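Residue numbers (this note's numbering), protein chains in the order written: chain A, 1 to 407; chain B, 408 to 598.
It is worth saying that the hints were derived from the structure and are not from the lab. Incorrect hints may appear among the rest.
Coverage of chain B stretches by chain A, computed from C-beta distances (three or more under 8 Å per stretch; other residues unrestricted) [unchecked claim]:
no.: 1; stretch: 431 to 441
no.: 2; stretch: 463 to 476
no.: 3; stretch: 506 to 514
Think about it this way: if two alpha-carbon atoms lie no more than 27 Å apart in a straight line, the pair counts; the simulated DSS-like pairs of lysine-lysine are [as the list claims (entries may be wrong)]:
no.: 4; chain 1: B; residue 1: K448; chain 2: A; residue 2: K270
no.: 5; chain 1: A; residue 1: K270; chain 2: B; residue 2: K534
no.: 6; chain 1: A; residue 1: K270; chain 2: B; residue 2: K553
no.: 7; chain 1: A; residue 1: K238; chain 2: A; residue 2: K315
no.: 8; chain 1: A; residue 1: K314; chain 2: B; residue 2: K573
no.: 9; chain 1: A; residue 1: K373; chain 2: B; residue 2: K448
no.: 10; chain 1: A; residue 1: K315; chain 2: B; residue 2: K534
no.: 11; chain 1: A; residue 1: K337; chain 2: A; residue 2: K295
no.: 12; chain 1: B; residue 1: K534; chain 2: A; residue 2: K314
no.: 13; chain 1: A; residue 1: K49; chain 2: A; residue 2: K234
no.: 14; chain 1: B; residue 1: K573; chain 2: A; residue 2: K315
no.: 15; chain 1: B; residue 1: K553; chain 2: A; residue 2: K295
no.: 16; chain 1: A; residue 1: K337; chain 2: A; residue 2: K373
Which residues of chain B face chain A? A few of them, derived with a C-beta cut under 7 Å, are [claimed, not checked]:
no.: 17; residue: L424
no.: 18; residue: I427
no.: 19; residue: K448
no.: 20; residue: A479
no.: 21; residue: S481
no.: 22; residue: V521
no.: 23; residue: W557
no.: 24; residue: Q559
no.: 25; residue: R560
no.: 26; residue: Y581
These figures come from a predicted structure and were not determined experimentally. Glycine is no exception: its CB is placed at the ideal position from the N, C-alpha and C atoms.
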Amino acid sequence: MSIFFAENFVDKFGKTVRRFLMRRVGFWSSEMYDFTPDARPDSTLKLAKNSQSKQILIIARDHYHETVRDYAVGDAKDLKHILSQQLTDSPYVGDRYTVIDRLNQSSHRVTSWIFNESVFENLPSRPWLILPESVCVRELFSSKAVLTNRLKRSVLTVDGSSGLFSTVFSPADEIQSVQYVQTITGVDSKHWLKVDAEDFSQHMCAGLIEALLKYPLRFLVPFKFNSAQFFPWKTSIKLISAIFTVYTIGVFLYLSLSLNLVDYRLSELKAPAQQSVALRRIISDKMQVLEAYNKIFIDISPNWIFWDLFLDLKKQGVQLTRVNGNDQVIVIYGLAKRASEVLGSLSVDARVASAEYVNSVREKGGSEQFSIKILLKNELTKPENVYFLQNNLTSDQSAISQESPTK
Amino acid sequence: MKIFLSRNNLLVIVFFLAGINFALVPLYEFQSQQNEKLIAKSRQLEKLQLLLEGKDLLESDAYAVNEIINEATSRFYADSGTVKLDIQKQCEKVFDQNAVVMNSFDWVSDTGEVVRTLRASVRFSGKTRDVITAFWDIARFSNAVKIVSWSQRIQNNQRDSMGSSKGDLVIEFYAVKPQAAALSFNARESE
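The whole structure should be built from the sequences, with the hints applied where relevant.
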């Protein structure tokens with residue numbers, strides 16, 4: 001029940017806002033016309049009762065000059081500079097509104113509109129935005145050629161490979177105009193999409209929204225200071241206040257509702273999430289313990305391998321007299337016929353990483369007395385079981401796997 | 408221009424600016440704060456959702472880590488009140504079995520928190536071949552043992568005999584409380 005009322009309220013509120021905004025939009029063709037905000041069976045243009053309230057205007061094709069020109073300029077800044085310096089070839093004098101589209105790396109297409117100054121002279125107040133009729137048509141329809149009928153005249157808008165082309169003609173000139181347009185655009189009249197006068201208002205509204213979304217500030221009417229005294233300050237302040245209030249209330253409602261919703265979801269997830277957090281903490285603690293274990297296992301350098309070396313040296317007739325070991329470094333003292341042979345055999349031994357004399361070799365009773373420092377190889381002294389941490393983790397925390405015991 | 412900058416218009420501008428300063432700016436700041444709060448909470452919510460999605464993986468990881476720690480713990484001595492005595496007995500047994508005389512056995516250090524590290528200094532004497540087998544037996548201990556350093560003098564190392572040895576070695580033993588790891592896991596799991 002409450003959902004039904006809420007939907008009803010939102011629907012009504014939306015309609016009111018839409019109606020309020022649509023009162024600010026008009027269609028200018030020598031006279032001001034209203035748009036019908038809702039889709040009705042008959043949505044032809046109606047003469048506006050209050051022209052002063054219009055801030056956004058769609059100007060009929062009859063009242064502006066439209067040109068499309070391609071420039072072989074790659075940099076948009078340079079192009080804007082060129083356009084600002086360029087004289088217009090329009091029959092009308094006034095501000096130029098342009099849309100620049102990049103064609104490729106080295107060229108741009110500039111579509112320009114210059115409105116007849118009489119439009120502004122005949123308007124009761126200076127509007128904020130003026131949009132050409134052809135732009136609204138182009139933005140609404142994906143069809144290449146659109147023929148719209150309104151106010152007993154037809155407008156053809158073609159968005160072809162050479163850019164936007166639009167023209168206006170009366171029914172009496174239709175046959176000639178159609179042939180002319182077909183020749184210029186190369187689009188057969190059978191492929192034209194036709195919009196009747198009854199649907200015009202509704203379609204133009206949709207086209208206006210599309211155009212404003214695509215070019216929100218492109219068709220902004222420049223402010224003229226001398227027009228300040230004629231500017232509808234009261235109406236504008238009221239409108240701005242209304243928009244600001246709606247915006248502020250909307251943002252406030254959105255933020256409050258979102259925060260409450262997020263808080264509710266957080267409180268819902270808090271209890272189960274605490275278990276996960278506890279698990280993460282446990283894993284983290286365990287990893288530290290495991291790292292401490294690993295450090296011990298890695299540090300262990302079992303030097304039983306040395307005794308294999310000892311026995312091999314014994315077989316070679318070497319008499320060892322003293323052994324000093326410290327981790328992997330072992331210093332042996334002994335007697336042999338040739339100390340260099342002992343050092344040579346140790347140097348090439350697969351179990352020994354390096355071997356070198358500690359002191360000079362001395363002659364003693366027909367034998368040579370030596371002392372050699374041996375460094376055992378790392379891989380041979382690796383302990384039986386080392387528990388390694390791996391990087392390919394199953395969870396975001398970490399995963400642990402055990403390497404198979406190697407000796 | 409003169410009309411525009413009239414006293415009335417200037418008053419309107421002053422009120423307008425005051426309104427911006429005392430109403431709009433605080434309102435904007437409040438909304439910004441609320442927005443930041445919303446962003447932070449949304450991020451927190453995302454994190455919680457991610458955390459909950461990965462709960463199964465976390466559980467399996469926690470179980471796997473626990474298993475590995477239990478297995479690794481079995482490679483250390485159990486840290487009980489008699490651990491030193493047990494280790495000393497084990498060493499004495501090895502030296503006895505290999506007919507090596509243990510002249511002295513002294514504990515030189517006892518440190519560590521997670522893993523208790525115990526260092527012992529042992530003086531020994533005996534036949535060199537017996538000393539070698541004793542060293543091998545120490546290396547074969549099921550518990551992790553590190554021979555930190557050793558020094559031995561070998562006498563009468565002739566062609567047909569390895570002679571006798573006399574020396575000392577420093578051995579490091581490691582002890583952990585075996586139930587501590589498993590207990591803490593179970594305790595937190597039941598939270």
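Satisfaction of hint between K270/A and K448/B, Cα-Cα up to 27 Å: 12 Å, holds
Between the alpha carbons of K270/A and K553/B, is the straight-line distance 27 Å or under? Judged against 27 Å, a Cα distance of about 47 Å means the pair is violated.
Straight-line alpha-carbon gap K49/A to K234/A, limit 27 Å: It holds: about 19 Å lies between the C-alpha atoms, which stays within 27 Å.
With the threshold set at 27 Å, check whether the alpha-carbon distance from K315/A to K534/B stays at or below it. 18 Å, holds
Interface restraint verdict for K448/B against chain A (beta-carbon cut-off 7 Å): 5 Å, holds
With chain A as the partner, please determine if L424/B meets the hint condition of a C-beta pair closer than 7 Å. Not OK, violated: L424/B not within 7 Å of chain A, min 15 Å.
Straight-line alpha-carbon gap K314/A to K573/B, limit 27 Å: 18 Å, holds
Chain A covers the stretch 506 to 514 of chain B, three or more CB atoms within 8 Å, holds or violated: violated (count 0)
Compare the distance between the alpha carbons of K337/A and K295/A with 27 Å, and conclude whether the hinted pair is satisfied. 43 Å, violated
Going straight from one Cα to the other, do K534/B and K314/A come out at no more than 27 Å? Between K534/B and K314/A the Cα gap is close to 15 Å, so the pair holds against 27 Å.
Take a quick look at whether K238/A and K315/A sit within 27 Å of each other, Cα to Cα. 109 Å, violated
Close enough to count: is the Cβ of A479/B nearer than 7 Å to one in chain A? With a minimum Cβ separation of about 5 Å from chain A (threshold 7 Å), the hint on A479/B holds.
Hints 3, 5, 6, 7, 9, 11, 17, 18 and 21 from the earlier list are contradicted by this structure; the remaining hints agree with it.
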